[in-house]
Amino acid sequence: MSTGYLPLVIFAAGGMLFALVVLATNWLFRPRHGGREKERTYECGLDTEGQTWIQFKIGYYLYALVFVVFDVETVFLFPWALTFKASGMVSFAEMAIFIAVLAMGIWYAWRKGAFEWN
Amino acid sequence: MDFSAIRLELVAALIALSLLAVGLIAPRGKREMTGYIAAIAFLGLLALAFLAPGHGSSFLGGRFLNDPLALFFKRVFITAAFLVALMSLRFTAGLEESRSEFFALLAFSLVGMMVLSSANDFLSLYIGLELMTIPLVVLTAYDRASGKSTEAGTKYVLLSAISSAVLLFGLSLLFGASGSLAYGDVAAALAKPAFGPASGDPLAVIGGVMALAGFAFKIAAVPFHMWSPDIYEGAPTPVAAFLAVGSKTAGFAALARLLFFVLPSNGGGLSLVVISLSVLSMVVGNLIALPQTNMKRLLAYSSIAHAGYMLLGLVAASRAGLSALLYYIVLYLFANVGIFAAISSFGDGGRSGEIASLRGLWKRSPFMAASLLVCLLSLAGIPPAAGFLGKFYLLAEVARQGKLWLAALALLMSLVSISYYISVIRVIIMEKAEDESRIRVPIAQKAILALSALATVGLGVFPGPLTAWTQAIAAAVLR
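For the protein sequence lines, the chains are E and X, in the order given.
Taking the working numbering, I'd label the letters of the first sequence as residues 1 to 118.
Taking the working numbering, I'd label the letters of the second sequence as residues 119 to 597.
Calculated directly from the structure, the hints in this document are not laboratory data.
All of these numbers come straight from a predicted model, not from anything done at the bench.
It is possible that some hints are incorrect.
[To be verified] Here are the simulated PhoX-like pairs of lysine-lysine, each with C-alpha atoms no more than 25 Å apart in a straight line:
(1) Lys550(X) with Lys57(E)
(2) Lys112(E) with Lys148(X)
(3) Lys481(X) with Lys564(X)
(4) Lys564(X) with Lys148(X)
(5) Lys273(X) with Lys57(E)
(6) Lys481(X) with Lys550(X)
[What the hints assert, rightly or not] Pairwise CB distance ranges, derived in the manner of DEER restraints:
(7) Ala514(X) with Phe11(E): 27 to 33 Å
(8) Ile561(X) with Ala103(E): 33 to 39 Å
(9) Glu214(X) with Glu116(E): 51 to 57 Å
[As the list claims (entries may be wrong)] Pulled a few chain X residues facing chain E out of the computed Cβ check, cut under 8 Å:
(10) Leu135
(11) Leu138
(12) Leu142
Heads up, the beta-carbon is just placed ideally off N, CA and C, and yes, glycines get one too.
So here's chain X without its partners, still in its complex pose (with noise of 0.2 Å):
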């Protein structure tokens, strides 16, 4: 067995493990640490996705693939982790009893995700799922002291196993239409007249709009968006930062090998669920996040609206249409993660997050206040931040595709998102606050905010490499 395909997992479970060790041997009053080094180590594996990756081999037969699709996504969450990890410092700094688990849950809630990406059979697909969900139930539960906290975890554990169910079931369908597990076997047999997209076999077309829902839940897209809202005000913030990039661009790295390689959806009925869902999200995500006062609420909304957009890319399930997802995922982990990182930077950790407390920020403090301009103008898709061009390159394969109407819609749902990112940004520069005093920003989040809002911008200003990266990805893995 070639063991270079899954460096990567075992290197992070080894991380999380290790983690876990260093909370039991640290002295008290030392455990301090665990949390730079588990930034230390995240950023290690980070250089280790990029400079020994081990390229386009395969685990179990193929049961695991790490194609350069998979390391993109895997370098993709390596980064979240290294962030929302320096995001964390702050909030763990009161948890001197259960600071390692916290990190060790991050860390293994990222071998998940990274399992999830290289799925190429259900049953890797499933255990990877799982490993990403149950620590993040957790992780959303741990501000004991505040009860919106842990009903924030029991919803997110109940929602998850309905979820899980409803995924099984429809692997189950499909397996029984099938009769495989592995992706290229499943794929082979749909592909058969018998269970064609054209004959509309019903097993196979229930399985897949099961296995489809399983995943609208993962990326929040309407209509199995209802947990999002709740769970990432409940969340401490940088869990929420987590669930925000993490765990949605899981769902995508899992949605794409499925609509690309195994179910039939160019020109079958899925197609249509995906356009469905891609409608159902922007419309739905971008209407109701206009009336929002919590910001971390707010921030679920326009994530409901992004997967929306991103399921774009999804729907025009093409080369252009997945190099642009690419391109989104990119600029959409850096802007969450530095407004999220401006959230939890204030007094309380972040725990209220209401838009009132960012009254007079641009007083406050103006660097924050600059990075969030930044990020807020990247998700509303206003030029030279990245968010402009992520959504020309979505809409302009849809449209070329002929979707004209979709793209339309899309660019309308744009005109309204930015009437509440402005009013946002009015409230930071605009309005006056009661309590003038500056803010002390730690020095975990200044870095957090200066990175997040460069990336931003330079993705924005020189899109080439990226671009070039996502491409090549795509061609590599569309044939």
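In isolation and in its complexed conformation, chain E is listed as follows (with noise of 0.2 Å):
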């Protein structure tokens, strides 16, 4: 075992004790108001409308689902660009392959209607 850790643990053992502190310090000294409006659901500053366990419109998913594809495509597309002139022409078709790919799932959400909001 090495002892170059030793500070580390230091550091995270301090991190923690600070959050125990501050959590124990605010449980101590605030003051205790229970009643009905402070335990009501949160949301927005709004009043809640009916249950809050309802079903969720699975477009909302869909659309993340297709948003983590173009967001994928960008991360991987800045830094090919950055070295484009020094990595040549298999890194071009290596991208256009990856390209490819990724637009048959975009074609595919297309297809199978995902962009489609009713």
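Relying on the hints, combine the two individually framed chains into one complex.
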């Protein structure tokens, strides 16, 4: 075992201790007033309408998923674009294949109606 | 870079994407053909794997190895995918809107298995594992009309996540101990006296045990077997077949490479872990299989027990042990696919799979009953079916290495297993059915049943060619 990790251990312990101290101080000194108003479900400052255990529209999920496809595409395109001149035709071909695979995914989502919002 | 090493994976991935595209392009009403296209494509891939596999080459600086061992496993996976695709034609007949996805997911999972068997690096190992598992989760939950299928999918995704976490933790500890992800470097670092099994360095030992636990989940070895009965029962029958033969074999492919080439298992503490997994799997799997009334659950427990037998090949950790394991994997593939194909030929597509529904099968479909009989006898290990020789090779090698008690225990448990296989055979032959009408076996199922039965008997009567092949592989990879 290396002893070089000791500062890390002390740092981690200190961090946890700090959080505990803050929480404990709060708990000791805060005023305690319960009540119906305080225990109500809070959402963006508005009163909630009806049950909170409702089913969310699956469209949100699909949108998020398609967004990730674009997102990942961009994340990989940026570093590739920066080193494009140095890396040459091989990397161009690789990127073309990568984008073709992603395009396939987007085409699929399109044909399945993931972009339509009813 | 030498792309010929990943030729098979590239083609398999291309098949997967093309199947998705076919589902989008094909006119409504002609989408029936997706399943046939998938089966033909897998058959073509199998031909490619035999004729032009890109032998002995490696990719990414040895991170990905296409050696004879990996190639053997790849051929097994592709055969399994082909047979499962044929078997699925009936299940997917009713899925007008999601048929091409079913076969595409099957192909993606196949790519994952192939990567897993070739992985020579923790990263490729993990990517292969997840590429195999995630499509399998979706496939498990594919039967949307059935609550059991959804439940099985949920269980599978949660338990896979836990097992992945354990595996990753183990791999990260091994990485910490060796400072590398590549198998060769890890093995070299662990072989140094500071990390050797004799010194019992806790980091390497814990890492190795956790990595083993992660794959013990995939092969459903006791005590990591709890998921398999529920999931086999809930999943659509062809998917259960793919889990039983594909996912399990992939687990063994990865495990064999880890135990033979990375972890210092010979004589170390890890071989004790493998022996315990094997003994527990044989005892618990066979004993709990006895009272089962559902065929798919029975098969799940029997597959747990078979994982125990196959682990004996890894316990032996010798050329003969590896060769026996490879032989066993092939006979296990055909016997299981045959039984699952029979279950999926029933009127409900094998949704219930109760053993009672097999009553009087001898009269209702003599052909199906005969093939089922051969496959069951093979799993039970009764000659001339291949299962006898498979067990003989494994037990002989374990006994030769002086672990007589282990061989004796395996033999005893194998005798116990005969009783539940025979009780299924008794239901097929002796009991009378309420409904004596003939069963119309779909043509694809007929083909699978015939092939499984022929292969099972063929491997049992003429074991020479396959044995020579597995011995050559073992001799090539273990020096």
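Results of checking the hints against the structure:
1. Lys550(X) with Lys57(E): At roughly 51 Å apart (the allowed maximum being 25 Å), Lys57(E) and Lys550(X) break the hint.
2. Lys112(E) with Lys148(X): 17 Å, holds
3. Lys481(X) with Lys564(X): 16 Å, holds
4. Lys564(X) with Lys148(X): The hint holds at about 24 Å.
5. Lys273(X) with Lys57(E): Holds: Lys273(X) and Lys57(E) sit about 24 Å apart, inside 25 Å.
6. Lys481(X) with Lys550(X): Judged against 25 Å, a Cα distance of about 9 Å means the pair holds.
7. Ala514(X) with Phe11(E): 27 to 33 Å: 58 Å, violated
8. Ile561(X) with Ala103(E): 33 to 39 Å: Between Ile561(X) and Ala103(E), where Cβ atoms are some 38 Å apart, the hint holds.
9. Glu214(X) with Glu116(E): 51 to 57 Å: 20 Å, violated
10. Leu135: 6 Å, holds
11. Leu138: 6 Å, holds
12. Leu142: Hint on Leu142(X): holds, closest Cβ of chain E at ~5 Å, below 8 Å.
Of the numbered hints given earlier, the model fails hints 1, 7, 9; all others are met.
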